[in-house]
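For reference, the chains in residue letters:
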Amino acid sequence: MTLAGFGAMVRHEFLLEFRHRFASAALLVYVIAVAFIIYLSFASPEPAVWNALFWMVILFSGLQSGTMAFLREFGDAHLFYYQYVHPLSLFLAKILSVWLKLFMLALLAWFVMGVVLGNPIVDVGMFFLAVLLGSLGFAVVFTFLSAVALNANNSGLLLAVLGFPVLLPVLLSVMRLSLVSMAVRDVDATESFLMLVAVVMLLIGLGLILFPYLWKN
Amino acid sequence: MEGFRKHWYKWLSVAILVYVIAAGMLVPLRPGLMKTDAFNIQAGESHELTVQSYNTFYSKAENHRAWLRLHEEFTLLASEVEVVDDRHIKATFDIPEKMPTSERVAMASLIVDTDYDGSMVLPAAVSIIGQEGLEADPGPWLVEPIRDLSHRWTWSFPWRNILEETIRNTYYHVPMWFGMMLIFLLSAFYAVKLLRTGDQRFDSRVYSLNLTGTILGLLGIFTGAIWARYTWGSYWSGDIKQDMAAITLLIFMAYFLLREAMSPGVKRGRVTAVYTLFAFLASIPLLYIIPRMQPSLHPGSGGNPGFGGDDLDNTMKTVFYPAIIGWTLFSYWISNVVYRLSELKRRSLEKNYS
Numbered sequence: 001m002t003l004a005g006f007g008a009m010v011r012h013e014f015l016l017e018f019r020h021r022f023a024s025a026a027l028l029v030y031v032i033a034v035a036f037i038i039y040l041s042f043a044s045p046e047p048a049v050w051n052a053l054f055w056m057v058i059l060f061s062g063l064q065s066g067t068m069a070f071l072r073e074f075g076d077a078h079l080f081y082y083q084y085v086h087p088l089s090l091f092l093a094k095i096l097s098v099w100l101k102l103f104m105l106a107l108l109a110w111f112v113m114g115v116v117l118g119n120p121i122v123d124v125g126m127f128f129l130a131v132l133l134g135s136l137g138f139a140v141v142f143t144f145l146s147a148v149a150l151n152a153n154n155s156g157l158l159l160a161v162l163g164f165p166v167l168l169p170v171l172l173s174v175m176r177l178s179l180v181s182m183a184v185r186d187v188d189a190t191e192s193f194l195m196l197v198a199v200v201m202l203l204i205g206l207g208l209i210l211f212p213y214l215w216k217n
Numbered sequence: 001m002e003g004f005r006k007h008w009y010k011w012l013s014v015a016i017l018v019y020v021i022a023a024g025m026l027v028p029l030r031p032g033l034m035k036t037d038a039f040n041i042q043a044g045e046s047h048e049l050t051v052q053s054y055n056t057f058y059s060k061a062e063n064h065r066a067w068l069r070l071h072e073e074f075t076l077l078a079s080e081v082e083v084v085d086d087r088h089i090k091a092t093f094d095i096p097e098k099m100p101t102s103e104r105v106a107m108a109s110l111i112v113d114t115d116y117d118g119s120m121v122l123p124a125a126v127s128i129i130g131q132e133g134l135e136a137d138p139g140p141w142l143v144e145p146i147r148d149l150s151h152r153w154t155w156s157f158p159w160r161n162i163l164e165e166t167i168r169n170t171y172y173h174v175p176m177w178f179g180m181m182l183i184f185l186l187s188a189f190y191a192v193k194l195l196r197t198g199d200q201r202f203d204s205r206v207y208s209l210n211l212t213g214t215i216l217g218l219l220g221i222f223t224g225a226i227w228a229r230y231t232w233g234s235y236w237s238g239d240i241k242q243d244m245a246a247i248t249l250l251i252f253m254a255y256f257l258l259r260e261a262m263s264p265g266v267k268r269g270r271v272t273a274v275y276t277l278f279a280f281l282a283s284i285p286l287l288y289i290i291p292r293m294q295p296s297l298h299p300g301s302g303g304n305p306g307f308g309g310d311d312l313d314n315t316m317k318t319v320f321y322p323a324i325i326g327w328t329l330f331s332y333w334i335s336n337v338v339y340r341l342s343e344l345k346r347r348s349l350e351k352n353y354s
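Chains as they are written, first to last, in our numbering: chain R, 1 to 217; chain C, 1 to 354.
Errors might be hidden in some of the hints.
Claimed, not checked - Covered by chain R, per the in silico footprint, the following chain C stretches (three or more residues, Cβ under 8 Å):
#1 27-33
#2 60-69
#3 237-251
#4 262-270
Claimed, not checked - One-sided excerpt, in silico: chain R residues whose CB lies under 7 Å from chain C:
#5 Leu157
#6 Pro165
#7 Val166
#8 Pro169
What the hints assert, rightly or not - What follows is a list of derived Cβ distance ranges for each label pair:
#9 Glu260(C) with Phe80(R): 27 to 33 Å
#10 Lys35(C) with Phe128(R): 53 to 59 Å
#11 Val10(R) with Lys193(C): 56 to 62 Å
#12 Glu45(C) with Ala43(R): 57 to 63 Å
For the record, the hints were derived by calculation from the structure and aren't laboratory data.
In this text, all values refer to a predicted model and were calculated from it rather than measured experimentally.
The beta-carbon is built from N, C-alpha and C at its ideal position, and this holds for glycine as well.
Based on the sequences and whatever the hints tell you, model everything.
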């Protein structure tokens, strides 16, 4: 894997993103619409409920972005990649693009939910960190499993089935950390943070080791 | 003889499981105290407690004694113990007017000792209510310490309040779960082999092991739910380990969906092996880390999910450890049958298409 190959794949990802900008715009609208639905159904939710709803929004945006990571590649595009780039360049570039997209969606969701429902976050820095790491974890799981589901029929539904249980360690630890940032739960912040970092690192490591096998078709 | 050598582990697993089921179901529980007829008794009064017990033979014993015990050190011997029948005794306690410490209400445990059944304890049996305005006087509570307890060894499982007869589930629920973990470990091992060698037989291995592992996991969850119904009050008690176990099973069920969604071949073998490894390793935090960080109803929770100590005495170990080996070997055998079936299917497909 070379840096140039990785750079080229990142550029390609962003071009692809630009070409499919309506799909991303649809995600933006989706986040705003869901935030509004939550606002209309829960007048002023408790911080714990706010937290759960927030991460549910991110979960489904992540599912959608993950689906797009590989599934939007037309026809036999992967044959082309297979010949020209190292699988890890491809994998890392996909993760990076999904992560950035998810992170921005999360910030948008935070902003919109903060405006209409009120902002329960006390420790902004910690919540920011939770969002950053959480969206990385989501991006890794969904990108990886999107490459798995790519091989099967009806892969959209399959991605959800494969992804949700595997995602649970990330979801639980990120929700824990963000509850700490809302001063709702009185647990050790460092421990929750390290737990989240450990889970995300584990998933990244697994992805890096296993992806080349997945791609060697 | 040839067949025996080849199939020794099948015979062994069946022999062990027959032993585990027979011993686990037939060995009686040790005698124990179930309950008394009173909750509160007043200090300064004489009180007759009717004690209901389990698996005891009071009429076969000659010498019956009973104590009330407060805070480990203060004890009071019953002035009279009368045998009603094999399962009931009446113990009369003359409670002193003054409590042994300055607290007004104290929980006392009841200890009964007979020369036939040995000694039995009922923790927090009654609460003793002291009179107001009296000073503490530990004197009368130190006259008769607990001593010369009888012991009679029988092959029996320990009596635990609340658990009672359900303690036998230790030989089914827990070893099934251990067996599932070993089976999944083996399946991850074969998934690595498949990825390294590309040999399609390993795909059938991974499939068969995942199938038996999932079935063991389901049995573990069902036996656990039934156990939870009798000891914790409901089938699903919101216990963190129950939740995590269910999620682990969901992860492995997704494996079968993925496998069904793809057409058979080299590609399916590789993709499902990659998913198996990813899911197996990603489920480690679910099973080993997150449950340690939260309170749980399971024994040994609150930091250390260890199992043993008071929950598993030496008699239980003679059934429990063979049970782990038995369930694991038996599942391995079943997975071999599934493996051969799946290999036959794969080979006949290969033949038809080549």
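Now the hints, each set against the structure:
no., hint, in the structure
1, 27-33, "violated (count 0)"
2, 60-69, "violated (count 0)"
3, 237-251, "holds (count 4)"
4, 262-270, "holds (count 4)"
5, Leu157, "violated, 9 Å"
6, Pro165, "holds, 4 Å"
7, Val166, "holds, 5 Å"
8, Pro169, "holds, 4 Å"
9, Glu260(C) with Phe80(R): 27 to 33 Å, "holds, 29 Å"
10, Lys35(C) with Phe128(R): 53 to 59 Å, "holds, 56 Å"
11, Val10(R) with Lys193(C): 56 to 62 Å, "violated, 35 Å"
12, Glu45(C) with Ala43(R): 57 to 63 Å, "holds, 59 Å"
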